[in-house]
Amino acid sequence: MDTFLGRFKNLIFLAAILFAQVVGLAVQVRRPSDEGETRLIRVWAISAVTPIETAVVHSQQWVANIFKNYAYLRGVRRENRELRAEIQQMKIQQTRMDEDARMARRVQALLGFKEQYVDSTIAAQVIGTSGSEQSRVLYIDKGANNGIKTDMAVITPAGIVGKIVQVADNWSQVLPINDQFSGVGAALKDSRLQGILKGTTSGATKLQYIMSDEKVTPGEEVITSGGDRIFPKGLPVGKVVSVEPGKDLFLNIRVVPSARLDQVEEVLVVTKITERMPDTKDLGPLRASDILAERLPTVPNKAEVDAAGNAKPGSGTASPTTTPAAAANGTGAAARPGATPNKPSTGTSTPTKPATGVNTANKPAGATAPHPSAAGTTGTVKPKPAGTTRPEATGASDAGTAPSNGVRIVNNDDTAPPKKTTPPAQPPPAEQQPATPATGEPPPQ
Amino acid sequence: MSTRVMPFRGSVTSREQVSVYEFGWPAILLIPLAAILIQIFIPVKVRFMPIIDLPFLVTVFFATARRNPISGCLTGCFIGLLYDLFAGPSHPLGMYGIALTVVGYLASSLGGKIDVENPGSRFLITFGFFVIHEGVYYGVAHGLLRQSLQWSWSHTAVSAVANAILGVFLFMFLDRFKQR
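Protein chains in written order, with our numbering: chain D, 1 to 445; chain U, 446 to 625.
With the rest of the complex left out, here is chain U (with noise of 0.2 angstroms):
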């Protein structure tokens, strides 16, 4: 069993301990490539794909279950800049990479608060880090590659909602890959 428990500092729950869970390396390695393979490919069939982020919600989920501020950053590194790689010419390596970093280190430092294991406030951090993951893609486009990107509340509110409520059962599913 690997599954660690730590105390929580500064904890917003009346919980007194979460528990740290460790994937195996295949996990690590083929879920976040399977969330990229299956969101270049299902758009090709699917009209209203685009608005479903997978490698984001998979990068909350490594980083919210490890809680280690240090691995939520590079997984979300590690996620964003292999999606990048499938964005067009015009869409410099790391834009992707900066944002999924700082949404991994925010949900791996989150995850050491709160408990993160009801869909409830998986729900919320869903939706949150969804928001902060636009705001600092959009920061980087418009702030440092001056790229006309249109910001629209609507439509990120949508966005996050839709992920959320996917995420919620995604999350359920990739409980099964922790090990205990």
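Just chain D, with the same shape it has in the complex (with noise of 0.2 angstroms):
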């Protein structure tokens, strides 16, 4: 026994060695821990080492900001020129972005739809990785301390990088989305079409669950859908670079990150995600066509236009209900500048007269009535801040005619009091109302 032993001790120790880590291995895989639960010697070692490396890379940061603000210095006048010329660019794309920002809210507020918000975020620095291509994980320096929990996202301004898997107090733990593990909703931003978006061993990411018989071509940019609840929806994710049959009924789409996974020094965590519908107050005034555009078919009241073709005073096309956007913003009663101007003062709904071009059913209470040197204007009042007492008339005509197809609706101050109460003008020929301008000019009569 003693010459077994002595002469095989060496692959008798090995197995032992091996015999135990096996061990320790099935009862990992037997017991996988909750979630939110990390083995403590794991904590202990990471913690151990999270203090050298955060101070490593903060004093290499520290080394290297000094060349490179000397280097910034160097050639800022030329840049500030470029800068200047690029800016100009930007604010002409940006005007014709703010505009359409603002139809895709109203028509969001029109839906009923809630937008996410990302309201705030924390700047963290990648401290480390796991080292190895088997794992993909990255270490930030902050931690439950700073306010981090598990699974919130993490993201840079390119695109998102990940979400947080463990916490410690200085530290946490960031699961890559090209990590084998790791799953993100995502979807394509040009045919909308979602699928999961995959990491590989590799490091590659894919984008999978997309039917075969869908067209996908390279190129396509890749947005995060929201459904896995833990990135906010529409944050880019990559571009498509190749797309191939794969097996069963699914294409095998492969994504490039939009952000640098692999050199990513500098991260947010969404720390706070919002879920509410868009803010439409500053989407200035809500036309009545926009109105009536959701409210089809539309036929006009032929009994209420006279015989040379005016409309009546009073007389429109709305139905009484109300809209989402006006339930929503409040609009829904104190847009409506021509519903009962001789009683502008009250405030009230007036159910009984629905034809006045804008609903007056759904009024909420206590809301006063827009200023009266609106009421029946061809022309659009802009919206004041609370306890501004007049609202700016912009339109045809301060004296305001009777609303017809082509009045404004005031989302308006509720606030306002009354000044004066003015009757309504006759209003011009339905088929002559012009388009609204917004000079302030009355209208020609």
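Calculated directly from the structure, the hints in this document are not laboratory data. Even for Gly, the Cβ is constructed at its ideal location relative to N, Cα and C. Take the hints with a grain of salt, since some may be wrong.
Stated by the list, open to error - Below are the DMTMM-like pairs computed for lysine to aspartate or glutamate, each with C-alpha atoms no more than 25 angstroms apart in a straight line: (1) Lys-9/D - Glu-467/U; (2) Lys-215/D - Asp-248/D; (3) Lys-9/D - Asp-560/U; (4) Lys-490/U - Asp-141/D; (5) Lys-490/U - Asp-248/D.
To be verified - Examples of chain U residues toward chain D, derived with CB under 8 angstroms: (6) Gln-484; (7) Pro-534; (8) Ile-543; (9) Thr-546; (10) Gly-588; (11) Val-613; (12) Phe-614; (13) Leu-615.
Build the complex: two chains, separate frames, hints provided.
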């Protein structure tokens, strides 16, 4: 026996160590840690290393910044000139995009869609990785002491990075989207097809569960779909680089992440996401045509158009229902300049007079009618902040005319008391109703 | 001088005796720790760092220098488990531990049979053991844990060459810590 043990001592020792580790593996696989639970030995080990890594990273950044700051000063004049030119270009683009955004928000409000907003983020520094190709986790220098919790989204301005999987007091572990155990709800930006973005063992990312009969083109952008309840909807994920027929019924779509996951150094941890209706207060006046557009079909009431084709005062085509937008931003009642021109100060609803061009049925209690000078105008009245007493009339006439299809609805301050009551003037013929200018000039009579 | 000599048993070299080196405790503890620290820190700055496996190289170095299978096992187990700690939560403790234990055992056993002092043999040894290391890891992940790893010969070969080249220079540097 002694001879046997002595002869195979090394092999027996090796087998014993391997057996112990296999048993350890089996225990871990059999009893996977619950969500949020972290093995203490891992916390100890990482916590021991994190201060060193943090110190190294921060000191290295400090030294690098000294040289960078000097380098930035050189050529700053030329860069400034280029940036100014770029700003001019971007202002032009922004004007156009603002208009698109307003339209989109208005439509969202009309349809009752809720938007997800990133309310607060925490900037964090990447201080380490797992170091191996089999696991691509990252370590950041912010933890529970900074308000970070598991399953928070980690992003960069370029795109999403991953999510928090472990949190200690002063560090957190991030599972990037190219890790083989990662999964992100994603959608193709143009075709709106939804799938799941998965990492692979080689560090690539693939969009899965897109049916083979769908058309996906390389170069198409991929965004978050919001379906995973971790990443807000619409954040950039990456671009499609190749599309191949895959196994089963699904396409094999390879995606290159927008964020440079292999060299990410600074990230933002999304600590608060709120879901709310889009803010339509700053969208400007809501046109009657917008409201009419959602009430299809719209048939003009011939009985209320006189022989000359002039619309009678108070006539309109609106139905007594309240639009979602109006209900959302309180314009359902306030936005009725020509509804009850002879009773401007009551602020009460007049459900018996639905044919006024705008809804008056669901006016919130206590809401005050808009300034009577704007009543019946064919122009617009810009919304004023609370506390203002008189909305700024920019429409065709301060005296106003009875509303017709060209009337703009006023998103007005509910607290503005009326100053005077002006009876509505005779409206121009309906077919001659001018397009609303924003000049403040009266329309030609 | 703590260098011992032991006769080759079944030697495939022309030398009849080979030196067995010892290391101080600070070196035994600090070199693996430094290797792991660098390994988890450098990929933040260097893009292709993950194909380099410093804990593996240190394991091979200690195992071949000490030429004792039991100490090779323990060295590999210690470094591997330490390395496992920094992997993600989906990476159970013991995967690198098992792989590096096997490498440590084989490297120390081989170190007693062939000359591992010259750069050529070091290159070949490192190359070969890296393939074994990857194979054992793949076997544990795929066979025991049912993880969906994909084996790529080309990637393994490129990584093995890169580690072997680095290993030659790293071993020359680490030779300074041998106690004579």
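Taking the hints in turn, this is what the structure says about them:
1. Lys-9/D - Glu-467/U: holds (21 angstroms)
2. Lys-215/D - Asp-248/D: The hint holds at about 16 angstroms.
3. Lys-9/D - Asp-560/U: holds (24 angstroms)
4. Lys-490/U - Asp-141/D: holds (16 angstroms)
5. Lys-490/U - Asp-248/D: violated (40 angstroms)
6. Gln-484: holds (4 angstroms)
7. Pro-534: holds (6 angstroms)
8. Ile-543: holds (5 angstroms)
9. Thr-546: With a minimum Cβ separation of about 5 angstroms from chain D (threshold 8 angstroms), the hint on Thr-546/U holds.
10. Gly-588: violated (11 angstroms)
11. Val-613: Val-613/U check fails; min Cβ-Cβ to chain D is 21 angstroms, beyond 8 angstroms.
12. Phe-614: violated (19 angstroms)
13. Leu-615: At 16 angstroms from the nearest chain D Cβ, Leu-615/U fails the 8 angstroms test, so the hint is violated.
Of the numbered hints stated above, those contradicted by the structure are hints 5, 10, 11, 12 and 13, listed in ascending order.
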